[in-house]
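**Q** Given next are the chains, with one letter for each unit.
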Amino acid sequence: MSQPDPSFIRLQGISKHFGDFVAVDNVDLDIGRGELFSILGGSGCGKTTLLRMLAGFETPTAGRIEIDGVDVTTVPPYERPVNMMFQSYAVFPHMSVEKNIAYGLRKERAPAAQIAKRVDEMLELVQLADFRRRKPVQLSGGQQQRVALARALIKRPKVLLLDEPLAALDKKLREHTQFELMNIQDELGITFVVVTHDQEEAMTLSSRIAVMHKGRFLQVGKPKEIYEYPCNRFVADFIGTINTFEGTVTAVDDDGIAIESTDAGTSITALGQHDVAVGKPACIAVRPEKVFIGRDEPSDSSDIRMRGVVDDLAYLGNLSLYRVRLASGKIILVSQQNRQRSAERYVEWEDEIWVSWRPRSSIVLVEDR
Amino acid sequence: MRRQSRLILTVLAFGYAFLYIPLVSVVVYSFNDSRLAAVWGGFSTRWYGELLKNEQILDATFLSLQIAATSATFATILGTMAGLVLVRFGRFRGKTLFSGMLTSPLVMPEVITGLSLLLLFVTLQQLVGWPGQRGFSTITIAHTTFSMAYVAVIVRSRLAAMDQSLEDAAMDLGCRPTRVLFDVTLPLIAPAMIAGWLLSFTLSLDDLVIASFVSGPGSNTLPMVIFSKVKLGVTPDINALASIFILIVSTGLVISWLLLRRRTTAS
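Going down the list, the protein sequences come from chains A and B.
With the first sequence counted from 1, adding 62 to any position gets you this note's numbering.
With the second sequence counted from 1, adding 31 to any position gets you this note's numbering.
Among the hints, a few may not be true.
As the list claims (entries may be wrong) - Partner residues aside, some chain A positions facing chain B, computed with beta carbon under 8 Å:
| no. | residue |
| --- | --- |
| 1 | Phe119 |
| 2 | Pro139 |
| 3 | Gly166 |
No wet-lab data here; the hints were simulated from the structure.
If you're wondering where the values come from, they're calculated on a predicted model, not measured in any experiment.
Glycine included, every Cβ here is placed at the ideal spot set by N, Cα and C.
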């Protein structure tokens, strides 16, 4: 594999306007060579427009796109070293599987022997060798997707763009395809840029994620960073579920902050340095799986502790989910792994319980910019 | 459930009877030996023989088929281009006007279409000296103008239903926009184009009114000949001619159906 290059793809000040509507708003981004990068966002956030600009189907209103050091801002799609796997797969219905896969090399006027060899390689890679003469309608959705993947990879593009690659597959197949994509990416070392609205898909696939909202990036980082240290409320809410507590800052020091929360009716602490001042409003959040639930009062007094009543609970097999009503009336979500098999549940409906979490699990959320 | 399906079957039988009994009676009477078209005089194929000797009818048939094939071909080319522009070229100035104007020939009374075309040809002749004589070329042009609207409508709906990312995908894989048309777009709308051609062919073969307006002396299409003969009374050779036409048209339909079916099962 070639040298790591942290700005293999470089977007500088990219904007795209459709009339008065701003689809992408002054976005800067560097993607490294060989990365599996995801752009995550809800529908209409501009992620597909961004992908289409990378592919060359749309020209940016402003800004510059570089791939491998070459300015491709105005290069048409048929001359870019980039291939795409479309959401609808866009497999040509009038061509057989092998003709579909060979299409890109045919357009390059590659020698017939080379085309045949590469088609065989690709069929092998996506495990469709037995289906080479079939027409797309005779294939399942998952097989069609593999044709689309092979077709996009045969020209050995510098970048592969994937538009919602798993959206149309059922759950079992999704998981399988997910790992298949990761293996192929690993094997070929091609830079993947994935666009998705599915946070789970982005989390499992990617080396890095950009969370996009209203044409802007809210946060760019590794899946773990985005999940554990969301930079604002939108990101925290979009990725997974979270409990938030509003309050007023009562103490700030080098180790952390404390807020007096009216929601929780108690003081909540968080570690780390944060840009807040005493007396100002702030928000502290905690993920459901970081919260412990129990009948007995937690012994560690540095933990954040609250009393509550189990309002509702759901047994999911591997997990149990609890909705706990605090004394203040606020409902918080708690999830707990079912580590042991027991005939009766430890905590039941309407039980008076304690919830607690460690201060280092608290997340301080700044307001949306 | 059974009663309902029996009712549907009855309605279906009546509907088909209504459509096909006239056709069947034409075919049956074409084998009638009697000179009177409505009186059965025994089985005979003599009217088919008579027909082959009737030069007027043979000439008219040949002319009609030529006009139908030529105008259907032009209509398919022009109509496909119009459909492509309307669906694929995004929004442009006057798009709504253009797409509205395209469908107006479908609802325009034939008498008006025929009259306006006649006026056009007469004016053109005075201005540039063409067409010197009205006949094959003027009828072909007239038929092309109204058939291409049908083709455009069929092609447009097929294109609108087509996934545009197929064209994007071809371009993404290194295909230039003009080649995309031949590699992807045209093969996928081919069924619509074939259907459009067949429809145009039938419409042209069928047309009496417009052709009467724009034809000149000595160029009579088959419907014109039949219509003028029927005014003098139906003769059995007309039945024979009609039967041959039914055979040609149904063969064409079966062939196109088989082609389309093979396409869908194979693809």
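**Q** Each hint needs a verdict: does it hold in this structure or not?
**A** Results for each hint:
1. Because the beta carbon of A:Phe119 sits about 6 Å from the nearest beta carbon in chain B, less than 8 Å, this interface hint is met.
2. The interface hint given for A:Pro139 holds, since its Cβ lies 5 Å from the closest Cβ of chain B, which is under the 8 Å cut-off.
3. With its C-beta approaching chain B no nearer than about 4 Å, A:Gly166 sits inside the 8 Å limit, and its interface hint holds.
When the structure is compared with the earlier hints, no violation turns up for any of them.
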